[in-house]
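Residue numbers (our numbering), protein chains in the order written: chain R, -11 to 619; chain A, -11 to 619; chain X, -6 to 310; chain Y, -6 to 310.
FYI, nobody ran anything at the bench for these hints, they're computed from the structure. Please note that a few of the clues may not be correct.
Coverage of chain X stretches by chain A, computed from C-beta distances (three or more under 8 Å per stretch; other residues unrestricted) [what the hints assert, rightly or not]:
#1 19 to 27
#2 104 to 118
#3 150 to 156
#4 179 to 189
#5 253 to 266
Note that the structure is predicted; figures quoted are calculated from it, not measured. Using N, Cα and C, we set each Cβ at its ideal position, and we do this for glycine too.
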Amino acid sequence: MSSVATKNLNITKVAEHTVEIITNSGEGAQKCAQIFGQTCAKMGNGVWTVEIIPAEIEPPHHTVTSTSGNIIRFGTGKVTNWGDQSKLAIAFNEQVLLSRHRLESLNDDCIILQESVWENHEDEFIRKQYAEAMEEMSSKNYRFIGVPIEEETLKIVDNPSHGKNMFALGLLTEIYQRDLSVVEKQIAHIFRFKSQKIIDSNIELVKSGMAWARENLDFQFDIPSVPSEEKRLVMNGNQACGLGAIAAGMELCSMYPITPATSVSHELAEIIEDFGGIVHQAEDEIAAAGVAIGASYAGKVALTVTSGPGMALKTEFIALAIMVEVPLVVLDVQRGGPSTGLPTKVEQSDLLSSLYGQPGDAPRVVIAPRSIEECFHSMVTARRIAETFRTVVIVLTDANLATGVQQFTRPELDIRWQQGPIDQTPVPEGMRPYEWDPETGMSRRIIPGMPGGAHTVTGLAHDEDSLVSYHPSSNERGMRMRSRKLAVFQSTLMPPAVHGDEEGDLLVVGWGSTQGAIDEAVDRARTEGHKVSACQLTFLSPLEPGLKEIFSKFRNVMTVEINYSDTVGDPYITEETRRYGQLAWLLRAQTLIDIDCWTSCPGQPLRPREIYNNIIAKLERSKSTAEGEQS
Amino acid sequence: MSSVATKNLNITKVAEHTVEIITNSGEGAQKCAQIFGQTCAKMGNGVWTVEIIPAEIEPPHHTVTSTSGNIIRFGTGKVTNWGDQSKLAIAFNEQVLLSRHRLESLNDDCIILQESVWENHEDEFIRKQYAEAMEEMSSKNYRFIGVPIEEETLKIVDNPSHGKNMFALGLLTEIYQRDLSVVEKQIAHIFRFKSQKIIDSNIELVKSGMAWARENLDFQFDIPSVPSEEKRLVMNGNQACGLGAIAAGMELCSMYPITPATSVSHELAEIIEDFGGIVHQAEDEIAAAGVAIGASYAGKVALTVTSGPGMALKTEFIALAIMVEVPLVVLDVQRGGPSTGLPTKVEQSDLLSSLYGQPGDAPRVVIAPRSIEECFHSMVTARRIAETFRTVVIVLTDANLATGVQQFTRPELDIRWQQGPIDQTPVPEGMRPYEWDPETGMSRRIIPGMPGGAHTVTGLAHDEDSLVSYHPSSNERGMRMRSRKLAVFQSTLMPPAVHGDEEGDLLVVGWGSTQGAIDEAVDRARTEGHKVSACQLTFLSPLEPGLKEIFSKFRNVMTVEINYSDTVGDPYITEETRRYGQLAWLLRAQTLIDIDCWTSCPGQPLRPREIYNNIIAKLERSKSTAEGEQS
Amino acid sequence: MSSLALSLLDLEADASICLDADDYQRRPGKWCAGCGDFGALNAIKRLLAKEQLVPERMCFVSGIGCSSRFPHYVNAYGFHGIHGRALPLATGVKLARPELDVFVVTGDGDCISIGAGHWIHAIRYNADMVVMMLDNNIYGLTKNQTSPTTPLGYASMTSPRGAQLPPLDPLQATLGVSNASFVAQTADWVPAHLYATLQAAYDHPGFSFIRVLQRCPKFTPDVFQDQVKNPDTTEMLVHEDGVDPPGLEKVYTHRRIHNPKNLDEARSLARRTDMLRLGVFFRDDSLPVYEEVRAVPAVSAEEKVKRMNEVFERYAV
Amino acid sequence: MSSLALSLLDLEADASICLDADDYQRRPGKWCAGCGDFGALNAIKRLLAKEQLVPERMCFVSGIGCSSRFPHYVNAYGFHGIHGRALPLATGVKLARPELDVFVVTGDGDCISIGAGHWIHAIRYNADMVVMMLDNNIYGLTKNQTSPTTPLGYASMTSPRGAQLPPLDPLQATLGVSNASFVAQTADWVPAHLYATLQAAYDHPGFSFIRVLQRCPKFTPDVFQDQVKNPDTTEMLVHEDGVDPPGLEKVYTHRRIHNPKNLDEARSLARRTDMLRLGVFFRDDSLPVYEEVRAVPAVSAEEKVKRMNEVFERYAV
Ligand SMILES: Cc1ncc(C[n+]2csc(CCOP(=O)(O)OP(=O)(O)O)c2C)c(N)n1
Ligand SMILES: Cc1ncc(C[n+]2csc(CCOP(=O)(O)OP(=O)(O)O)c2C)c(N)n1
Ligand code: SF4
Ligand code: SF4
Ligand SMILES: [Mg+2]
Ligand SMILES: [Mg+2]
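With the rest of the complex left out, here is chain R (with noise of 0.2 Å):
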């Protein structure tokens, strides 16, 4: 492998750069990607981290399936997303390096900073899987430079594998020029709960990989930052989520643990307990969606977190709250189904079911943030949309935001998120459950506590006074009271945002958390002169208004998707047999437009030049096929 012979540094300056750092599980990549990340949030560049976890809790170390690790892409601008393939990668081994190649994470020429042990290492197996490795990566031409990360970090400490991380971070803040006093304070809060000793030693890896780089590298890259006075928080999805849920001012997480959505309740179960709530862990699923629907219906808007397997366990209870009209908010991040599928990994394959999962007519609101910060804000809006509709809300976020770590500008908290005292004045005379305002089908919840209130709520068919009823005319005036609660929240809402003109050749609609990767798709395109614009859905129960319109100024709409859909053209895919994207089949039945869609589920966030791409893809064949039709 090449090493740096003579010395000569130059630095480019770029106006981004994505970065990985990849290990064997516990060797602590997680940590030297967090404090790096921070440090360039600090320093004023945009970030976006992703995690790299394994599939097994603790794989054999030194192979393929062991890899765990980071993604850092910072820039000098706002990042949205992972953006495409790395530029540049620390491995602690050829093998995990090895896995990021097969996955074509690592861009043709990515500069590869390679722990230098193992290539004449005396076990001769070793040396031989590293030969083969090397021999499979050489069809690129990446540029490897031999690090001995061991070896140094043994200097320092005599564990390695707590060591080579920070060793690692030292070369990262020398390469990028970061600033060490911020990499100082980072490591001193990250290991607040550590020895003094330890930090020091911390510190000073650090240091000696920023000799080493000095020493050895003939490169550094040079990323502005635009310094802003703007407060801002860095954090990821789930953490956001947990956040926002304290700042609605909901008192109770009644969860199940399930990847990806548990670190939310861990967020929570840390901190909750100071603010007067609990998080609730329930014996299943089942019982965490009962647990949170008796606080509700007590006066206690409570929140359940899951994934997909836990939202097909919940399925009964969320009807329940619908019929009995609790209020209830359900966070699901997403993960990769169907079943067990890929319980680490993204997807987008619950919107159809989060709609529709109920038997019987169920109608509930639904709502997808598009970013880390709309995650906190999507908390206090549901809550406020439950109980202003005695509705259940269901939040769909996904394993891309739940580990995705970005800034955003810090939240201006306000005390009417907190819930009120609950409410226990009297019940004016005659006042009946269901008081259902023929307009709206809104009512006003009778709370247990509420002196002459007294009455009980049932699944059951029933009235105004909750009695249980299976007269038709009652029954259908029930199902149209909490229909119609849909439509009048749907009157609240604006139509969604164009990005880019409002109109053009192809317009590119996605939904939730792949906002950032679209968005910078169609940019690109836009760059060369396409005529691409792209809309991000938030509302997908009820829809956005003005769709049609919208849609309608466009002579291509396609959805871009984290799910499966047939490809025409396929055996025994035609246009007539085909299954869409989930959110491409509810827009063709909600607007009649012949929408496409282009969808992936590789387990792993779009990245913008696929999006790209198949926006290309797309208007080439519209454009042929236009030409078809004059001809």
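Guided by the hints, dock chains A, X and Y with the ligands onto chain R, whose structure is given.
For chains A, X and Y with the ligands alone, coordinates are given in the frame of chain R:
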């Protein structure tokens, strides 16, 4: 009340009649109706019987909530639904009668044979509520005829509530000139487990009923029958599904009780052990599905039977079966929803949840039998599809089919429907657990016991070897293969038949149990010269081919469904905010045609007249808008 | 002396209460004539009257079943939930509003078949509520299917040739769960005992599980016949920490002094099938109660905003 | 003598078997280094080798969890199901194919938290299968959340200030369920005992529930430390109808003769917390086995068609 003075019999000849027997629950209306219906069937009439079931098990007698009874519609030709209002009713007291009046179940000039003991009862309260009820019913011009039902019954038995029903049967036998010998045979059959004494006294009661009618009634009805040589069976839809399951060779029905599905398993529990099978009542619906999947995986295709709330609980397991490609047949006897809803009543609101209930992409087959005969055959079809395509087949019937009794052509049993011995042949060298045909996605199952086939199936993303795989391409491959099977299956289907002309002003599209009522309504409109046709779908996922082409030949397409939809023109309801009937929504996405819907969820089957009225109304609307467009 | 006569005697005992008791009935129960659920409703009414509970400070939670219709008939807040899930709903109510008196009414199918998982865990949570399991050994509302407590060989619509397994004994199962704090058995046909047991359960701080043997004349008319007819088939477990309603000793002469603190003894008594045993099998008022161990100090809205801003600092850049 | 040395000794004991044992391993287990699940896998391999079971006549069923990955590593048919639902799947397999040997591998979360309802009922069904509950007192796969068996006060990601309730004891709960027929406890760090217990469970006709105390160095490194280090903290329940592997008495000197037929005794032993107790707590080979009581004679296709036509007659018009 009028009582018959001079006797001078006039016999009216009619093509059909609808009769109601209305009693307190526990007074044996079922048996009376069952015998009368059977008799009519045996005598060559077309018959449709519907139960009237109270909400409680045994509500207080002589109240409007205690109504239990039956509606029997019979005629010269085939009878496919419960028709419109009843022409003749036998009521054991005025309160149960009143409940039917309030439900507008009685024809304006309905003949009502009413227990005469209440009018001048010693108990003042009874006299009073009697008078009030009669007052309320005086709005119609029913023809009331007092009958001393209890008095006459007491002459033969000492407990009238075990006898009045047979006396009533006698009245009907005389009024409709039924063949007494046939009636006697039926009695002997129904009470075969009782003593001869009971059988005799029941026959005596029938005779006394006939005698009373002969002496006191001045009318009879003659409903000619077309004797046919064809062998026929008469039963309800749940019995048909039960027998169908056995005929299909299913040896395990794994269920948990739920109305209105339970009687399928009652039927099975009675006889399936004579066929080498069992009914397993699990601890809940989740376990019921799990046991069925375990058995199917092990080589015995199993059935699980439930209704809405149970479907909700099976959500997760259904996804697992789809993911591991274990064949499974799920029968959902739909009832009123959402949540506990209307447990004993009919609704068609589980369509979308049957298609989209599972988080993640989980393609499955959904079929809906359109008649009781199809209930039987649907089980055979479902099993074949499930095994051929290694997937889940959901069969949607409803409370209307479940309890409706009708006769149909006796099925020719085919020995090939039976399950052959479980394949235990050695697995060919190198054969893989998911050897997907890249064209069709189909693969041969490897069943436990097959030598050399040992492997582990998993709900995690997996490859052809059933090894857990997180690689994008293998995940997408599995998704594609599971989805492909639907397209392949669809390619084996025929376009649905159109009832009426192939083109016209309006096509009424329905699904499942409503076929009889829709066709009848359409025929009525057609005889009046309207250009209306009907198309009843039975395959919902995948949809039958050619729909767009069929629909495009009509100026309007409207679905008719027993579920909820918003009405344009109601407050806040616009073309944009309207929530459509479930089939309409599906067909809009599929065909991009502006399909309208008329739906209703009264908790009872639709009546041909309602449908007819809404067909006419739709034609009016479209005419006016058409004119509107011209001017 | 027939149990009917007995119940009369025993109603006279405190007629005063019986009057007010009716104020706690919102509307007449809609069960079959002779249904044991009526007895349970009467006993509850008496308890509420005795304790003079305020309707709006009570919440009755149930699942689905004949028995689960209960809340509709009581003058209190009620949540008639879904089948098998009464306990999670009740736990949520209690967590949110510890000051409310929570009563759960469930059936043998609702509680120990579909609800079994929640049942086991609710016993362990030991939230302070009174749980009445009305056990008629059958699925009533769905019309006669085998339940986990249906006697071996007893026929139903789903096992026409008789139940194939020995019944699941709710008492032994409950007594097997860690942190179980109150386990009792009573019967609808011994109103005085039913009432006294409810009183004890209400007085117990924690999860009070009461199995109420309940007659279902419709579908299991004979399962309790002997016990109803012949008091000698029954042994009363009596103790000062349990229940021992006055007057009963005349009818139920088989009496055993059982200290409800003795869990080993409770378990082995629950096992024995020689006689029907009514009484408090186990009681321990000192076990951790879920809503208490989870209690956290209330925080004002202002304070919350202040603290949230502090949390923000940790994430600030 | 350390348990490691012990396990060596004990492997030597029947080295012959250990060779073939590896033929039952389909691929290496992917658990953390030092995970107790490896011990369970080794014991199973030895049992299968000892019994010389044919791979295609066995089915390993599991739910979801680290422990539930088990079937992927065994050379047999396997069904890696969904979380908490291993037992219904296994029951279905056994009902359809009684001739197959069914093994269930589950975890403390999988079996007694989300799976609790199925667990209680599977015990009662008493279908003939060997059930290994690998109990590491934590949720492993989802990375460190409290499980029902997490010790009181033990911290996890979902209860950072410690578990708020006393743990749910799987043994007492199982012993409380009617028709329970085999209940044992063993530990991954006593391979000889684990193996002997599996053997006894396999020999038992019916539902054999084994709680295997399982070390999770990743998340609960300390919960079993004392017991692993110091054999004196453990008492062995021995009996000719239970297990008493040769050689162990040298290390585990606390021995109690316990007749597994004695249910009262079993329950009270399970309660006692003075020592850890390993052995067969209860065993009764005479209880009804579900697939046996439900067995019906096979019927030929021809006969079925004939009988169905007879059934049709009842509905013929
Ligand atoms: C999820 C679900 N499954 C099944 C049912 C049907 N169901 C209603 S009540 C009931 C059982 C009633 O038995 P039990 O709990 O003993 O109450 P009982 O009627 O005997 O008082 C069943 C199975 C339902 N409503 N919901
Ligand atoms: C329905 C559902 N809920 C939650 C999960 C997430 N989950 C997977 S394993 C697990 C618990 C694992 O704990 P345990 O059963 O003790 O097994 P262990 O990993 O400790 O061996 C959970 C909650 C899931 N996969 N499915
Ligand atoms: S069916 Fe039985 S439990 Fe239900 S109401 Fe009637 S008697 Fe009571
Ligand atoms: S996390 Fe614990 S249980 Fe899971 S594999 Fe690692 S050590 Fe074993
Ligand atoms: Mg019951
Ligand atoms: Mg565990």
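Go check the region 179 to 189 of chain X versus chain A for me, would you? Three or more residues, Cβ under 8 Å, otherwise it fails.
violated (count 0)
Mind taking a look at whether chain A covers the region 253 to 266 of chain X? Criterion is 3 or more residues with CB to CB distance under 8 Å.
With 0 residues close enough to chain A, the hint is violated.
Has the region 19 to 27 of chain X got at least three residues whose CB is nearer than 8 Å to a CB belonging to chain A?
holds (count 5)
Counting residues of the region 150 to 156 of chain X that have a beta-carbon nearer than 8 Å to any beta-carbon of chain A, does the count reach 3?
holds (count 5)
Taking 8 Å as the Cβ threshold, is the statement that the region 104 to 118 of chain X is covered by chain A upheld or broken by the three-residue rule?
holds (count 3)
Hints 4 and 5 from the list above are not met by this structure, while the remaining hints are.
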